[in-house]
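S.K.: Residue numbers (this note's numbering), protein chains in the order written: chain A, 1 to 395; chain B, 1001 to 1093; chain C, 2001 to 2362.
Don't take every hint at face value.
What the hints assert, rightly or not - Straight-line distance between alpha carbons at most 35 Å, and here's what the computed DSBU-like set of lysine-lysine pairs gives: (1) A/K294 / B/K1028; (2) C/K2134 / B/K1028; (3) A/K107 / C/K2018; (4) B/K1028 / A/K301; (5) C/K2134 / A/K107; (6) B/K1021 / C/K2018; (7) B/K1021 / A/K183.
Stated by the list, open to error - Selected chain A positions facing chain C (in silico; Cβ < 10 Å): (8) D9; (9) E11; (10) I48; (11) R50; (12) I53; (13) M56; (14) P58; (15) V71; (16) M100; (17) L110; (18) D127; (19) F213; (20) V330; (21) Y334; (22) K337; (23) L338.
No wet-lab data here; the hints were simulated from the structure. Backbone N, C-alpha and C define an ideal beta-carbon position, used for all residues, glycine too.
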Amino acid sequence: MKYVDEFRDPEKAQTLVEKIRALVDQIDACKSRPLYIMEVCGGHTHAIFRYGIESMLPEEIELVHGPGCPVCVLPMGRVDDCVAIAETPKVIFTTFGDAMRVPGSSKSLLEAKAGGADVRMVYSPLDSLSLARDNPDKEVVFFGLGFETTMPSTALTVLQAEAEGIENFSLFCNHITIIPAIKAILDAPGVQIDGFLGPGHVSMVIGNAPYDFVADQYDRPLVVTGFEPLDILHGIWMVLEQLASGEARIENQYSRVVPDEGNGPALEAIAKVFELREFFEWRGLGSIDHSGVKMREAYAKYDAERKFSVPDLVIADPKACQCGEVLKGVIKPYDCKLFGNDCTPETPMGALMVSSEGACAAYSRYGRVEKLVPLLGRGAGTGTGKAPQAEVEAP
Amino acid sequence: MCLGIPGQIVEITNTADKLAKVEVAGVKREINLVCIVDEDHSIESCVGDWVLVHVGFAMSRIDAAEAAATLELLHALGEVDEELDAMRGSGQT
Amino acid sequence: MSGEGEGKGAKGAAQRRKLGKVDIPTVTMAHGGGGKAMHDFIDDLFVDAFYNEPLAPLEDQARFSIDALARYGDRLAFTTDSYVVSPLEFPGGDIGKLAICGTVNDLAVGGATPLYLSCAVIVEEGVSVDLMRKVARSMAATAVEAGVEVVTGDTKVVERGACDKLFINTAGIGVIRAGVKLGVELAQPDDLVIVNGVLGDHGATILNARGDMKLDTEIFSDCAPLHGLIGALLEAAPNTRFIRDATRGGLATVLNEIARGSEVGIEIREGQIPIRAVVRGFCELLGLDPLYLANEGKIVCVVAKDEAEAALAALRAHPYGKDSVAIGHVTDERPGRVVMTTVLGGRRIVDTLVGEQLPRIC
């Protein structure tokens, strides 16, 4: 696969790892503590686990898995709203696959579907619009979630609906913006992050300028990074180069996809359809000002929030959950009291166990072999007859 | 988040709505090109282009020169090492 | 709703009685009602397709001689499986082919020669009779390839909405070759882990055939009866420890079952795992992991190191094993765990799936 396989080359990966190792030796801070590098995007988290990247890095580097998994940070109350809409008669509720499993306070969309709601998985919001076209007697709702990467697709779909005069389509808008989340993390007390891997696909939409504050105001390097494993190693190396030379700049590792200025037509569509909310609730991080968008008044008739009455409850995260600390890099997933005990991929309590891109779910599923096996493997192979799988979830 | 994958535009399917077939390793899907066409890139000229596909939209045209430059840089990193190794090797003998 | 377990397969050895015919295009409740309509339905669809000698004239049970069975080995194997798949027909197969292959393979992976199958169908009224005929013929053709006979069965028709078009259950009896000892607890350090070809074809085919993702691609199910392949393997590598078909949950699930069952670690290399380019593309596009995709014609075998070469040669010589390859080995480290060296050179745990794999799009 072009533009994919070249960026998974093991020899180049080995070279990069050696370069990274050499740089770590030059950075004084590493002598007393690990270097904390946050990958903001859940796609990075996924790739890091999928390719076992942490197992290749020197001990001195700790990757902190940031808030960029929109499925994870979606508050429970919003899932309840989805379920309420989906259970409304004559509604076809459409969603991306991975949002189906996210638990609400009483059920997930998968469970709502099992209970008879017409919930359908689609690949694109445009497919949802096609369903509306084909089912004029039904109200078709698309569950819009995701960061700026995904916003253009839903905005353009709404514009398309308007152009075609399709009235039985609406968007349940839960889009969030990455910049306020990064800022909230940098402002949180006790946070120790030395540099960032910036979200490549968000950046191809918004460009590189919005990150300037990370370098200017917080003096941290940020490297906009692609999603293939070589991209990630390269991004880490670029962050370390800055740290080694005492610099803090915004750099673009992913120049094959990310133009400095972002994507004009995409930004235009976003601005046309959406406006900032005063605040938005994030699971694990709480309320963050101006961190979400809603639909403008002009598109009210395509706004599921206005079209349907939803419970709109704020449901607090369980008290014992330490997702916030994990998101900020203060603790690792396995340091949380709930990890693997009460909070497992099957019965997630915290945001980060919910989606496979969440740090805790990724740790639970893929693990970092040398660190996790002793932790999870307790009792495995002792012939107790207990399925060792249970031990994965309940060490 | 934001799963995106490189694909090649193989056919324009609807000029008015800016729709095209894109191919990823033998898998084809109709996607929307609105975000990557402008005065410099007419819809017709997109056939053959590689784009980053996300939820049914082409979100960016992949810049072949930049991709090559990144790979070249990564390759050069290894080369320097080999030269150094060679120099060290010759120094020892 | 219908007669109890009407034995199919009737007809004396000498000549076939005249079989009833169904002359309306869709299945109705009458076809499960126990009367003439039902008998015609069974005649037309199943008796015609499955016609076989040894098993008697539509009795309530099939009967066979113990001595005849004993020629094949020294232990009986007995299994059952239900088949529900949407869509009923897909590239590379249909529910009928699946219902024969699945049960044949479940017997074969235990070292058994599959011999006799039952076939029970639950049909939703309104299904086309032509489709039913097609499925029955597909079952019959697959049974011939698999060397098994469908010797008894049952038909039920249910009201619209009570089932999704057609469900099939097949149970099977086979005889285990003398001396063969296979078990999930028998893997030992240094054993090799072998698969008989490209993985994920069936799972990707079904997901694609449902059409929800609107992808346009040519992927075919690998659905196949593997008794012959497994027979050849056991001949070449008699100390083979364990064989399992990598159906639901895919390769990753079977490997985890072995690691736990034998209290051993399993080390695999991602670069060795054969996956068709188009299946890879499909997975990349939807954010799926091919290690968890279902297969219907693939087995995972654990073979002794000193027999691995012979095992691979035997597998590769068979049409269903041309691309057989060793993907890893058994170790005494990290018992209960499957660890993969990724294409990049990193290492990670390969765990079992929680719930169903959903496309990761966002």
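S.K.: Any hints this thing doesn't respect? Which numbers, in order?
M.R.: 3, 5, 6, 7, 14, 19, 20, 21, 22 and 23
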